[in-house]
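Given only the sequences and the hints, what does the whole structure look like? Please build it.
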Amino acid sequence: MELNIFVQHFINALSLGSLYGLVAVGYTMVYGILRLINFAHGDIFMLGAYFVYFATIVYKLPWAVGVVLAIIGTTICGLLVDRVAYKPLREAPRISALISAIGVSFFIENFAVVVFTGMPRPVVQPPILMKPIEFSNGVRLIPLGILVPVVAFLLVGALLWLLYKTKPGLAMRAISFDIETTRMMGVSVNKIIALAFGLGSALAAVAGIMWALRYPRVEPFMGMTPGIKAFIAAVFGGIGSVPGAMIGGLILGFVEIMSVAFFPTLSGYKDAFAFLLLIMILLFRPTGLLGEKLEDKI
Amino acid sequence: MKSVRNLILTIIFVILFAVFLEKAPEFLNGYWQRILNLIAINAILALSLNLIYGITGMFSLGHAGFMAIGAYVSALLVLSPAQKSAMWILEDIYPFLLNVNAPFVVSLILAGLAAAFFGLLVALPVLRLGGDYLGIATLGFAEIIRILITNMAPLTNGSLGLKGIPAYTTLFMSWGCLGIVLLCTVCMLKSNFGGVLRAVRDDEVAAKMMGINTFKIKVLAFTLGCFGGGLGGALMGNLITTIDPKMFMITQTYNILMIIVVGGLGSVTGSIIGSFLVTTMLEWLRFVENPITIFNINIPGIPGMRMVIFSLLLIMVIIFRREGIMGMREFSWDIFFPKRKIKDFESKTETVLELQDVKLKFGGLSAIENLNMKIRHWEIVGLIGPNGAGKTSAFNVISGFYKPTSGTIKFLGKSIGGLSPDKVCQAGMSRTFQNIRLFGNETVLQNVMIGSRIRQKYHWWMSLLPFVFTDVIKEDAEVRAQAMNLLDQLGLDAFADEKASSLPYGAQRRLEIARALATKPRFLLLDEPAAGMNPQESEELMKFIRRLRDEFDLTILLIEHDMKVVMNVCDYIHVLDQGVHIAEGTPEEIKSNPKVIEAYLGAGASEGSAA
Numbered sequence: 010m011e012l013n014i015f016v017q018h019f020i021n022a023l024s025l026g027s028l029y030g031l032v033a034v035g036y037t038m039v040y041g042i043l044r045l046i047n048f049a050h051g052d053i054f055m056l057g058a059y060f061v062y063f064a065t066i067v068y069k070l071p072w073a074v075g076v077v078l079a080i081i082g083t084t085i086c087g088l089l090v091d092r093v094a095y096k097p098l099r100e101a102p103r104i105s106a107l108i109s110a111i112g113v114s115f116f117i118e119n120f121a122v123v124v125f126t127g128m129p130r131p132v133v134q135p136p137i138l139m140k141p142i143e144f145s146n147g148v149r150l151i152p153l154g155i156l157v158p159v160v161a162f163l164l165v166g167a168l169l170w171l172l173y174k175t176k177p178g179l180a181m182r183a184i185s186f187d188i189e190t191t192r193m194m195g196v197s198v199n200k201i202i203a204l205a206f207g208l209g210s211a212l213a214a215v216a217g218i219m220w221a222l223r224y225p226r227v228e229p230f231m232g233m234t235p236g237i238k239a240f241i242a243a244v245f246g247g248i249g250s251v252p253g254a255m256i257g258g259l260i261l262g263f264v265e266i267m268s269v270a271f272f273p274t275l276s277g278y279k280d281a282f283a284f285l286l287l288i289m290i291l292l293f294r295p296t297g298l299l300g301e302k303l304e305d306k307i
Numbered sequence: 019m020k021s022v023r024n025l026i027l028t029i030i031f032v033i034l035f036a037v038f039l040e041k042a043p044e045f046l047n048g049y050w051q052r053i054l055n056l057i058a059i060n061a062i063l064a065l066s067l068n069l070i071y072g073i074t075g076m077f078s079l080g081h082a083g084f085m086a087i088g089a090y091v092s093a094l095l096v097l098s099p100a101q102k103s104a105m106w107i108l109e110d111i112y113p114f115l116l117n118v119n120a121p122f123v124v125s126l127i128l129a130g131l132a133a134a135f136f137g138l139l140v141a142l143p144v145l146r147l148g149g150d151y152l153g154i155a156t157l158g159f160a161e162i163i164r165i166l167i168t169n170m171a172p173l174t175n176g177s178l179g180l181k182g183i184p185a186y187t188t189l190f191m192s193w194g195c196l197g198i199v200l201l202c203t204v205c206m207l208k209s210n211f212g213g214v215l216r217a218v219r220d221d222e223v224a225a226k227m228m229g230i231n232t233f234k235i236k237v238l239a240f241t242l243g244c245f246g247g248g249l250g251g252a253l254m255g256n257l258i259t260t261i262d263p264k265m266f267m268i269t270q271t272y273n274i275l276m277i278i279v280v281g282g283l284g285s286v287t288g289s290i291i292g293s294f295l296v297t298t299m300l301e302w303l304r305f306v307e308n309p310i311t312i313f314n315i316n317i318p319g320i321p322g323m324r325m326v327i328f329s330l331l332l333i334m335v336i337i338f339r340r341e342g343i344m345g346m347r348e349f350s351w352d353i354f355f356p357k358r359k360i361k362d363f364e365s366k367t368e369t370v371l372e373l374q375d376v377k378l379k380f381g382g383l384s385a386i387e388n389l390n391m392k393i394r395h396w397e398i399v400g401l402i403g404p405n406g407a408g409k410t411s412a413f414n415v416i417s418g419f420y421k422p423t424s425g426t427i428k429f430l431g432k433s434i435g436g437l438s439p440d441k442v443c444q445a446g447m448s449r450t451f452q453n454i455r456l457f458g459n460e461t462v463l464q465n466v467m468i469g470s471r472i473r474q475k476y477h478w479w480m481s482l483l484p485f486v487f488t489d490v491i492k493e494d495a496e497v498r499a500q501a502m503n504l505l506d507q508l509g510l511d512a513f514a515d516e517k518a519s520s521l522p523y524g525a526q527r528r529l530e531i532a533r534a535l536a537t538k539p540r541f542l543l544l545d546e547p548a549a550g551m552n553p554q555e556s557e558e559l560m561k562f563i564r565r566l567r568d569e570f571d572l573t574i575l576l577i578e579h580d581m582k583v584v585m586n587v588c589d590y591i592h593v594l595d596q597g598v599h600i601a602e603g604t605p606e607e608i609k610s611n612p613k614v615i616e617a618y619l620g621a622g623a624s625e626g627s628a629a
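Protein sequences, first through last, are from chains A and B.
Taking our numbering, the leading residue of the first sequence gets 10, the next gets one more, and so forth.
Taking our numbering, the leading residue of the second sequence gets 19, the next gets one more, and so forth.
Source of the hints: derived by calculation from the structure; they are not laboratory data.
Note that the coordinates shown come from a computational prediction; the quantities given were computed from them, not determined experimentally.
Beta carbons are placed, not taken as given, at the ideal position from N, Cα and C, and that holds for glycine.
A couple of the hints might just be wrong.
[Claimed, not checked] Heads up, simulated DSBU-like pairs for lysine-lysine below, C-alpha to C-alpha not over 35 Å straight-line:
#1 K264/B / K279/A
#2 K432/B / K234/B
#3 K41/B / K279/A
[To be verified] Pair by pair, the computed Cβ-Cβ distance ranges are:
#4 R44/A / I320/B: 33 to 39 Å
#5 F380/B / E143/A: 33 to 39 Å
#6 F313/B / P152/A: 57 to 63 Å
#7 M193/A / I198/B: 52 to 58 Å
#8 M289/A / G509/B: 38 to 44 Å
#9 P102/A / W351/B: 28 to 34 Å
#10 E100/A / M267/B: 31 to 37 Å
#11 T234/A / H579/B: 41 to 47 Å
#12 I320/B / T234/A: 23 to 29 Å
What follows is the structure, given as structure tokens:
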């Protein structure tokens, strides 16, 4: 394989992987705290993409403004989902919240069909992100390919700082360890849970925006497959672990891009790799790469 | 007789319904017939997923994959060679596949068996997982099945799908299949085997202690459920006459999940009602996507609105009535009639249990160091020690929940170290738990009956057709009588039909003992039987423990913190402190042992008391 082609694949894998990672972080935070698979997370990601589309392409706002508005809008939606569909079910058996999550996912997708119509819409990429940079050894890169992983790593770095160096971060880690005890310690648990949903949704919004730029179109069901794969990435990395989610996302991105790059005949099976990877890790290390072991007390 | 009355009512209902189906084509148009068919098919799918999830408690999101297998197997068998050769355009069909053909009914059975076979393949590795992980793994398998179908064109015609499948699914076919599935499910769930399934759902740990190989039970239930999924998929394919891989996306599984949640998880009746409601609702809601005219005003149809309303309804059901319509209740003819009131054991001085140098380590941490114990028949032995001494760990090693790191455990002369709890139970040992672990959703009687399952001889599959295999009815009746007898002896007979979780605390403790006794043990382990009891209750408990030993010819090992109970009831006492076996002897010896006093009250105390 030529160097140029390999570098292209590498950058592709890196950006796809970091996008999976960004979405996976949202799954892992919510699961770590509430033991809930937030099935609607992929649809939150879709909303982020639509919001930026409407802000910049329909209403012709500058990109910077559009991106900020989209992140704020998506975060509000994420918080609303928690408030309306999950908060009333905190004391209910976990399956109830899970079914509610499936319902919310259905709702957001179809609501998007009603409001935005089911037609895929093309996204106009800002030319500055698409102008290839050429290196002396013949390698050509587009700035977007570098921007995506850089933004993703910076954001996850910032999140880790928040989790490990600040008080709300400490509270969040305490809740994931024992929600009842944390409540006794005088921590406003609902606020911290909302914070987790807000942060996860903001990161999903950023991922959605970058996804819309890379695969330049938006459609109501665009969150389904990336959502499930990001969840797989979160499980792979060890659910509950933020660095694990990022690592899981990157591994998944590399497996998908590289397997097709080296074995083009397998391209039809591309989507199966993620699931095979998932089942393998569940069988041999159910807690994922960085997850902690939990045992039933008898 | 009530059961005869109910049977007659059921038969009358079935005949009336058959007449209705016979006459239906005369007054129902094709559209309504199709909805009726869909209700029956969805009910089959819901029942099968409910068996896996609602009854046995395995969260599976893979049903769509098994439906796909069933639909393809059946379609490939009923399509004629001419149709097949015309359909495969992009790639050639495998030659052997071109000419295989089977009648519809045979194809249905093969479709179910194929799905069950794949279900078994999936279950063997995946069911070692629990909870959400199981859900995600099964979802993964369903997606892999779908991707394989899309890519294996010579077998499945790839993404083009199969068209022109003969519409063999008539009303009689779909409802007939539902009738058979329903009959088998109800019979199985009513038998003691059904109780075992629910026990695995409610408390897997306790079920293991009842001698149940829970893994085997889960694999069985999963495979049976997959059979239903394949059958439903096949009926579906022969109803809509077209199938393609996109039909079997995760959304399909969600639909079925919704039916069982709306109807009530774990309720057979609920699955039927749920499929009726969800199917008709989904059809009826189509009106919002069609243009309507009211008073000359045209309201255009809004695409997507149907699912928006539907998903909102689902969220509302979950938030405001999360147990669904039926909860876990079932339909019975009895609701139409006023209520009326209703209503063996096997020498002495031999060694029952012997522990030699048993060690248990968790990583570097030593929970038990060199435990040696010899318990003789008819003895009541106490195991005491301060908190964290390793008492419950010792129980867990003896009863098979933990494998000893080293050392031997001999029970009735056989080595049992490292056997699983169900094997240990089958060898004749039973236990209770510190934190009561009853099957909370079952009645008191059922809890005890589950304990008897390991002594029953009939195979699980016989419970599907109890009228053929009458052993099921006979053995269940015997077990019921024995269970009633046991409840009677323990003074729990008045509670027989109450839900176990609704009993007062003391009664729950006695029920746990009754359930343990139902496995006919020779050796009983009691983990803190007096926990949470007042002095009067513990007084009664002491008498009760001695009576147990005498009436059931038992040897008993008990953990207890209440020293009054221990000193009064035990013949012999072992003391643990921080995993170390520090003393053993008669209650008198233990009372004056300085090591024991030190362990309980700290260093210095023994000198004080000696002085």
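Taking the hints in turn, this is what the structure says about them:
| no. | hint | result |
| --- | --- | --- |
| 1 | K264/B / K279/A | holds, 16 Å |
| 2 | K432/B / K234/B | holds, 24 Å |
| 3 | K41/B / K279/A | violated, 51 Å |
| 4 | R44/A / I320/B: 33 to 39 Å | holds, 37 Å |
| 5 | F380/B / E143/A: 33 to 39 Å | violated, 59 Å |
| 6 | F313/B / P152/A: 57 to 63 Å | holds, 58 Å |
| 7 | M193/A / I198/B: 52 to 58 Å | holds, 55 Å |
| 8 | M289/A / G509/B: 38 to 44 Å | violated, 54 Å |
| 9 | P102/A / W351/B: 28 to 34 Å | holds, 31 Å |
| 10 | E100/A / M267/B: 31 to 37 Å | holds, 32 Å |
| 11 | T234/A / H579/B: 41 to 47 Å | violated, 56 Å |
| 12 | I320/B / T234/A: 23 to 29 Å | holds, 26 Å |
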